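K.L.:
Each protein sequence line maps, in turn, to chains A and B. Everything in the first sequence is counted per this note's numbering, starting at 1 for the first residue and increasing by one. Everything in the second sequence is counted per this note's numbering, starting at 1 for the first residue and increasing by one.
These aren't lab readings, by the way, just hints derived from the structure by calculation. Just to be clear, a hint being listed does not mean it is correct.
[Said to hold, decoys possible] Here are the computed distance ranges between Cβ atoms for each label pair:
#, chain 1, residue 1, chain 2, residue 2, range
1, B, Pro8, A, Asn58, 39 to 49 Å
2, B, Gly84, A, Arg43, 17 to 27 Å
3, A, Leu84, B, Gly3, 22 to 32 Å
4, A, Lys114, B, Glu54, 38 to 48 Å
5, A, Ser7, B, Gly3, 28 to 38 Å
6, B, Asn59, A, Asp26, 12 to 22 Å
7, B, Glu75, A, Ser112, 32 to 42 Å
8, B, Gln17, A, Ala71, 47 to 57 Å
9, A, Pro115, B, Gln67, 45 to 55 Å
10, B, Asn77, A, Ala16, 41 to 51 Å
11, A, Gln83, B, Gly3, 23 to 33 Å
12, B, Arg63, A, Thr20, 37 to 47 Å
The structure displayed is predicted, hence computed values, not measured ones. By construction, the Cβ of each residue, glycine as well, lies at the ideal position given by its N, Cα and C atoms.
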Amino acid sequence: AQTVTQSQPEMSVQEAETVTLSCTYDTSENNYYLFWYKQPPSRQMILVIRQEAYKQQNATENRFSVNFQKAAKSFSLKISDSQLGDTAMYFCAFMTRGSQGNLIFGKGTKLSVKP
Amino acid sequence: DSGVTQTPKHLITATGQRVTLRCSPRSGDLSVYWYQQSLDQGLQFLIQYYNGEERAKGNILERFSAQQFPDLHSELNLSSLELGDSALYFCASSVGTAGQPQHFGDGTRLSIL
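Please work from the sequences and hints to get the whole structure.
P.N.:
Dropping the structure here:
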């Protein structure tokens with residue numbers, strides 16, 4: 001069975017600093033996709049970033065970037081220049097190419113950005 | 001705004017009752033997914049529809065059912081409700097191609113009293 005593990009239940013960071021959220025996953029598949037979603041207190045689920053496993057280049061979206069280590073099955077999220085609006089739960093999610101698109105989520109990391 | 005519309009935003013009902021949650025996908029999206037978010041189980045995939053047909057089932061109870069209509073909106077029906085069914089139910093949509101991101105609605109908060 002495929003699983004996603006987020007080992008940090010809670011983290012905090014000072015405004016304008018950089019923070020890295022960890023995610024590991026377990027699969028025997030070779031073709032898959034990885035995502036980070038953000039859930040602020042408003043409870044919406046917002047897509048942050050997407051990575052295709054067959055691409056070695058790490059995905060980047062503005063202040064958000066990932067460190068994808070396929071051999072280690074690791075997919076961490078780096079947030080640069082943290083802003084108060086980044087305060088949220090962050091979920092790592094995994095999807096195999098042949099799964100019809102069903103997302104498997106980790107338990108989440110609660111990130112607090114402090115002024 | 002993700003473009004995915006879920007109604008109602010909140011539902012309060014009693015054990016044993018039946019409710020229907022509704023979802024309208026983003027324009028152009030053919031796939032609809034339902035997820036349940038609870039404190040103890042986290043986010044779990046329930047069921048997926050693509051262009052009106054069921055594509056995949058996850059941890060969906062037999063008391064739950066869903067369908068996708070010709071206009072692509074979807075409904076999730078929950079019956080014989082139990083206290084443990086209290087959760088946030090999300091609908092997400094995508095174009096349906098493998099690997100494409102899913103865009104989530106704002107969810108329906110279901111509270112069973």
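K.L.:
A separate judgement is required for each hint: does it hold in the structure or not?
P.N.:
Each hint tested on the structure:
1. B/Pro8 to A/Asn58: 39 to 49 Å: The hinted range 39 to 49 Å holds for B/Pro8 and A/Asn58, with Cβ atoms some 40 Å apart.
2. B/Gly84 to A/Arg43: 17 to 27 Å: Taking Cβ atoms as reference, B/Gly84 and A/Arg43 lie about 20 Å apart, which means the hint holds.
3. A/Leu84 to B/Gly3: 22 to 32 Å: 26 Å, holds
4. A/Lys114 to B/Glu54: 38 to 48 Å: 46 Å, holds
5. A/Ser7 to B/Gly3: 28 to 38 Å: 33 Å, holds
6. B/Asn59 to A/Asp26: 12 to 22 Å: Taking Cβ atoms as reference, B/Asn59 and A/Asp26 lie about 18 Å apart, which means the hint holds.
7. B/Glu75 to A/Ser112: 32 to 42 Å: Once the Cβ atoms are compared, 37 Å apart, the range 32 to 42 Å for A/Ser112 and B/Glu75 holds.
8. B/Gln17 to A/Ala71: 47 to 57 Å: 50 Å, holds
9. A/Pro115 to B/Gln67: 45 to 55 Å: 48 Å, holds
10. B/Asn77 to A/Ala16: 41 to 51 Å: 48 Å, holds
11. A/Gln83 to B/Gly3: 23 to 33 Å: Because 25 Å falls inside the window, the suggested range holds.
12. B/Arg63 to A/Thr20: 37 to 47 Å: For B/Arg63 and A/Thr20 the Cβ distance comes to about 41 Å; the hint holds.
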